[in-house]
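Peer 1: This is what each chain is made of:
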Amino acid sequence: MKGSQVRLEGLSKRFGKVEVLRPLDLEVQPGELVAFLGPSGCGKTTTLLLIAGIYQPSSGGIFFDGKQVNSLHPKDRDIGMVFQSYALYPHLNLFENIAFPLRLKRIAQAEVRRRVDQVAEFLGIAQVLFRRPGQVSGGQQQRAALARALVKEPSLLLLDEPLSNLDARIRLSARSEIRRLQQDLGITSVLVTHDQSEALAMADRVAVFSTGQVQQFATPEELYHRPSNTFVAGFVGDPPMNLLQGTFTEGKFDWDGLTIPVPPGHPGGSGYLGVRPEDIRLGGEIPTRLGIAEPLGREVLLSLDLGEGKTLKVLTPAGTRLAPGASLGLELRGAPLHFFDAEGRRVGS
Amino acid sequence: MGLNRRVWPWWAVLLGLLSLPIVAGYLWLVLSSLSNQMHGLLPTGGWKLQNWRFLWESVGGRPSIWGALSNTLIFAFGVAALEVLISAMTAYAISRLRFPGRGIYLGMILVLHSFPAVSLLIAIFYILRLLGLFDTLIGVILVKAALDIPLGIWVLKGFFDGLSWDMEMAALTDGASRWVIFWRIALPLVRPGLLALGTFALLSAWGEFILPYTLIISNKTWTLSLYLQSLIGAVDLTDYGLLAAVGLFYLLPVVVLFLLGQRYLLDIYGGGSKG
Amino acid sequence: MRRWSVAALFLLPGSLLIVLFFLLPVVLTLVLSATNLSTTTFSHPSWVGWGNYQELLQARFTPLILKNTLKYVILTLFFNVGMGLLLALITAFLPVRLGDAFRALWLLPRITASVVYVLIWQGLAAVAPYGLLSDLTGNSQNWIQQSPWAVVVLANGVIGASFGMLLFTSAIRAIPSDLLHAAAVDGATTWQSIYRVVLPLLRWPILFVSAYQTLSLLTSFEYILLLTNGGPGFYSTEVWSLSAYHQAFSNYFGNAQFGLGSAMAAVLVVIGVVVSLIYLRVFNFKELLGEPKVEVN
Ligand SMILES: Nc1ncnc2c1ncn2[C@@H]1O[C@H](COP(=O)(O)OP(=O)(O)OP(=O)(O)O)[C@@H](O)[C@H]1O
Ligand SMILES: [Mg+2]
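Line by line, the protein sequences are chains V, S and E. Just so you know, the working numbering puts 40 at position 40 of the first sequence, and the rest follows in order with no gaps. Just so you know, the working numbering puts 127 at position 127 of the second sequence, and the rest follows in order with no gaps. Just so you know, the working numbering puts 112 at position 112 of the third sequence, and the rest follows in order with no gaps.
Treat the hints with caution; some may be incorrect.
[Unchecked claim] A few chain S residues that face chain E, going by a derived Cβ cut-off under 10 Å, partial list only:
1) V59
2) P63
3) H113
4) D166
Bear in mind the hints are in silico, worked out from the structure with no lab data behind them. By construction, the Cβ of each residue, glycine as well, lies at the ideal position given by its N, Cα and C atoms.
This is chain V alone, in the form it adopts within the complex:
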């Protein structure tokens, strides 16, 4: 296995006076694919460029295989990077674009040919190798950028929203392609995305960012089943988790006058109760009125009105035809419930 281990220790970044990244600790294991997931402007690209050495950290350290690389020049870090804009060299054809990292290493022409042909074949762009970037499709540009990053067999692959400029269908196939490639080659990879389904589908572990901070760093399952705070709970999952603000007392949760029985392990006093739309069942005793029903294909997303401005989202299988305003009963017993304290931190298991 060729991938290196990457460790960030108290890594932070300021631009002038603005702190864009608060001190951050994170470790990527050899061969692992880690996704950085978060809303726009939260510092994902900044972190990636710090790892690449293009930005200098304001404090903290970056370690590759235990060695500090803070002052190592980007060209000596043995990384491959794919940019959101692909950043191909417009004056070179795809072949020369992909060959560029090899030429810099002064590899013999025959070997360059062999390796470029091989990676181009693998990514399905062999027929367009002698066209300029401006003369091929977006998908082909994306593959060329990936090929250029991979051709020198780097020990770390950095991908900055590599799929966001592709249309939905190619994006799905490109996802699995990149994942397969990364696993075959065993390259340690960091993938930046703001598309959670992409992060959850591709990554071994996901770091959820919000405004310059990592909120949770865990496997997709863990993020889904045990979000460590209300930000992650609300951000991961589509449609997002219902987060009810209210007061916990001895086995009960009071949500604006509505009392919901809760199992032990909950916090005391004010806090949040979280429940995913897909975990709520219809046909119970909590009375509600149907607001709107949004068909999502296999499922329907219902917005239920509980009076006094309280609403809940519920996901049900498609097929039940419901008129707006219809009375529906809810069942919360048996549904996995998530507890958060007043600061939004997860409480209990």
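Starting from the known structure of chain V, arrange chains S and E with the ligands on it as the hints suggest.
Peer 2: Coordinates of chains S and E with the ligands only, in the frame set by chain V:
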């Protein structure tokens, strides 16, 4: 323009009249170089190939024009190459690299860009003497290139500013140093700028008079402008044919180059520095 | 540190030339202006302090030269800017290709070597029966000798007009056509739209061209040197910058006065530095200086 376009033929006529003296001047140069004598714009006394005798013989003991031509070529291409290369390196640094004092450096370039360099001629003369470069082509080349470099930096900085940062970052992660990026990525991508500046520098050096006139003495180092100037001072009125022929010989390459590079050039002359 | 050494490598050749042929000369001009350096004292100049400047203040020719300089700068400036404006406005009306052709024609004199350009003037201004001017007017004279000022101003003006022409043309092209349409809808004639819409919008370019040309006219002397060399007669077209050159390089008495010439040049250098610094203030300098996004060199 959204102005009334139907009146344009009248404007064209007016402009044609205004431009007539320029046309007349260049027409005079061409006709005069071929004819025995000119009365106004009318050639009289038949054609005269002897006007072009400077091509195959020495005129009044002057060195051959081919020597002056080769000096001019060396001068013009030397200046253009030096100016383009050095301006590009400096402009790249100002546009793309971080270093302390970057703002001050750019400010200095801007000041020098509008600063009238001819007023420094006396001091430059003195410095060349100290350096032992007085009366040498290399000396004038260095001076001419130096005086035009602020303009070159200014023009090329605009081109480098337009390059994508993502691309530069990609090249860094591909394993390139800034030096390699400059040569293999940045320079090829600002080619239009290099061509424009190169053509401008060639034209400007080709016609340069004051610098060689002041900094060159020996007639072996003469450029075409010095050759022609020495003739103008020595030949009497009736031999305008010879002067015109030399002038035309000197002018033709410029016209060709100008027509080829006109598209790029208009912009640079708009920001240029000549009176 | 390695970080700056890369930048230093890029900056080295340019900085060397700039120091050698700009910064050093500025200092040297000021230094030389305080000496009596001349052909005769070349190996052993001595300090004269403000002596050269005092000499200039008292010299018989100083008022004449100042008057000539003022005359030259003002007249040529008016011709340059006015003609540039006229050319830009007219070519804007013409079909694109014709407009470009006229602009190219007016750029030709600037690109022509100065010696050849002046040769053409000499040819046209010669006495009858050779010169076209004498022919057309029926007044046989050497026009350069007889009307040196007209020739000096026109010859420089034709060169300088192209500068304004190009700048004004791009300024006119930048005027949104909506504005002109609106004027046309309001019933404005062509002349009225030029006067009410175009000219006010050209205010800044006109100011810029005037300022820029003033400085360069003040210091340029190449065409005067070639056309009249300050003559005919005693200093009739001698301007300040040409006089500095003459003092230093071809003094009438054969003794090159580098010190005195430097004092004259120093006046121009100081004006040049001050005016350039003013430009810099007026420019929106911060905008030109975005931070490089890559933090390593
Ligand atoms: N060079 C810079 N100078 C100043 N501020 C910057 C710079 N680069 C980024 N920022 C700021 O830092 C913050 C984080 O930017 P970053 O590009 O890392 O966000 P991101 O998470 O990648 O967002 P997106 O999903 O939109 O790409 C933003 O607020 C941005 O405006
Ligand atoms: Mg980003």
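Peer 1: Next step is simple, just say for each hint if it's right about the structure.
Peer 2: Evaluated hints:
| no. | hint | in the structure |
| --- | --- | --- |
| 1 | V59 | violated, 15 Å |
| 2 | P63 | violated, 17 Å |
| 3 | H113 | holds, 8 Å |
| 4 | D166 | holds, 9 Å |
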